[in-house]
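To convert, note that position 297 of the sequence shown is 297 in UniProt numbering; the numbers rise steadily by one, no gaps.
Accuracy of the hints is not assured; some may be wrong.
Said to hold, decoys possible - Simulated crosslink set (DSSO-like; lysine-lysine; CA at most 30 Å straight-line):
no., residue 1, residue 2
1, Lys149, Lys337
2, Lys50, Lys141
3, Lys50, Lys347
4, Lys290, Lys141
5, Lys376, Lys337
6, Lys56, Lys149
7, Lys376, Lys141
8, Lys149, Lys50
As the list claims (entries may be wrong) - Okay, the calculated beta carbon distance ranges per label pair:
no., residue 1, residue 2, range
9, Pro144, Thr20, 39 to 45 Å
10, Glu346, Lys376, 35 to 41 Å
11, Gly55, Arg119, 33 to 39 Å
12, Pro288, Lys149, 34 to 40 Å
FYI, nobody ran anything at the bench for these hints, they're computed from the structure.
Just so it is clear, CB atoms sit at the ideal spot from N, CA and C, and this is done for glycine as well.
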Amino acid sequence: MRLLSLEVQNYRNIASASLTPGRELTVICGNNGQGKTNLLEAIWLLTGGKSFRGGKDAELVRRGEPFAVLEASTLSAQHPEELLLEEPEEERRIRMTIGTPDSSRPGRNASVNGAPPKRASALAGSFPAVVFDPGHLSLVKGAPEGRRKFLDAALCQLYPGYLTVYRRYIRALQQKNALLRRSAAGPERPYAEKAALLEVLNAELAVQGEAIQQRRRAYLERLGPLACSNYAELSHGAERMELHYAAQFEPGGLAHLLRARQSEELRAGQSLCGPHREDIELLLDGQPAKVFASQGQQRSVVLSLKMAEAAAAAAITGEHPVLLLDDVLSELDDGRKQYLLTRMREKQTFVTSCDDTAFLKTDGEVYRMNGGVLTKA
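Take these sequences, add in the hints, and give me the full structure.
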């Protein structure tokens with residue numbers, strides 16, 4: 001996958017910007033707060049996912065403007081040498097609006113090659129990308145929710161049908177939690193009626209939950225060895241990383257678990273079991289990274305996971321995703337910086353940095369961002 005061009009209008013602090021990236025490395029340099037991450041975020045939105053920085057869509061539109069526009073040309077090619085042919089594969093033109101360009105479709109909408117606009121989430125799987133930003137360090141020491149989101153976001157890009165399964169699970173879970181809260185607050189419904197509703201919801205949760213865990217387990221079987229190998233190379237063998245799926249149930253066992261804990265859930269007023277309660281266990285030399293990892297080790301763990309995510313996507317889809325690396329070299333020693341720079345070859349990578357020194361000897365395109373204004377260096 002390659003991004004050929006990007007046009008941005010009224011996005012966060014960027015009034016207008018035009019980017020023609022390099023075949024491999026593109027560096028966006030500038031001081032903090034100038035808009036470097038905003039540009040990376042705009043590229044990420046082409047995946048159909050939400051902002052990796054959080055926030056509402058309205059916050060993505062430049063202050064005082066009714067909407068923002070992102071326009072991009074992308075090229076899908078399973079082998080880099082295909083890009084050298086006189087007639088490459090057909091380019092895809094993506095246009096995304098954020099805000100309210102008309103009153104009928106607020107929010108984020110996207111069209112591909114001039115087709116009628118759809119919700120931006122429909123882009124899932126069409127523009128694969130992997131993003132790293134400093135906020136992802138919470139993957140190591142943060143709550144399990146962040147690690148589950150890491151898995152689910154990757155799976156939604158790789159398998160569009162996964163998003164449907166995930167949404168069905170979440171919808172049933174929300175309905176179940178609402179029923180359990182009412183049950184804990186007082187007997188609004190007859191017990192038999194509550195039990196019947198719980199049985200229906202648990203049946204749906206069992207089906208969708210088993211499918212979610214199956215996909216997660218299979219993905220981690222591919223991702224884990226790649227991530228651990230990456231960490232060994234990043235740390236020059238100084239530490240050994242392990243990755244395990246901390247499951248609440250064995251395959252085929254969710255329905256039994258839901259029945260076994262129903263009384264406990266009724267007392268608690270919330271759902272207590274299922275894939276929404278599971279986690280990824282990260283270990284360094286056999287010790288929980290969540291407890292013992294230093295800041296530099298945390299960054300190395302997350303970078304190892306992100307590079308493994310990209311490699312797994314390439315193996316599964318036949319296309320290497322675009323890499324979006326925000327402030328990736330901070331707090332890394334020279335050896336780890338050099339390792340990362342070598343890993344950026346033969347794939348399209350966008351990097352933001354306050355200091356372009358590490359990139360002066362590369363063949364990449366270098367841009368500067370100052371006050372939301374993008375210029376070629």
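To see whether the hints hold, each was checked on the structure:
1. Between the alpha carbons of Lys149 and Lys337 the distance comes to roughly 27 Å, so the proposed pair stays at or under 30 Å and holds.
2. Annotation: proposed proximity of Lys50 to Lys141 holds, straight-line Cα distance about 22 Å (limit 30 Å).
3. This hinted pair checks out: Lys50 and Lys347 have alpha carbons roughly 24 Å apart, not beyond 30 Å.
4. Straight-line distance between C-alpha atoms of Lys290 and Lys141 comes to about 4 Å, which keeps the hinted pair within the 30 Å bound.
5. Taken as a hint, the Lys376 and Lys337 pair is honoured in the structure, with Cα atoms around 24 Å apart against an allowance of 30 Å.
6. The straight-line distance between the Cα atoms of Lys56 and Lys149 is roughly 18 Å, inside the 30 Å bound, and the hint therefore holds.
7. The hinted pair formed by Lys376 and Lys141 fails the criterion: a straight-line CA distance of about 38 Å is larger than 30 Å.
8. About 12 Å separates the Cα atoms of Lys149 and Lys50, which keeps this hinted pair within 30 Å; it holds.
9. Judged by the Cβ atoms, the range 39 to 45 Å given for Pro144 and Thr20 holds: they are separated by roughly 41 Å.
10. Between Glu346 and Lys376 the beta carbons are some 23 Å apart, a value that contradicts the proposed interval 35 to 41 Å.
11. Remark: the range hint 33 to 39 Å for Gly55 to Arg119 is contradicted by a beta-carbon distance near 18 Å.
12. At roughly 20 Å, the beta-carbon separation of Pro288 and Lys149 lies outside the given 34 to 40 Å, and the hint is violated.
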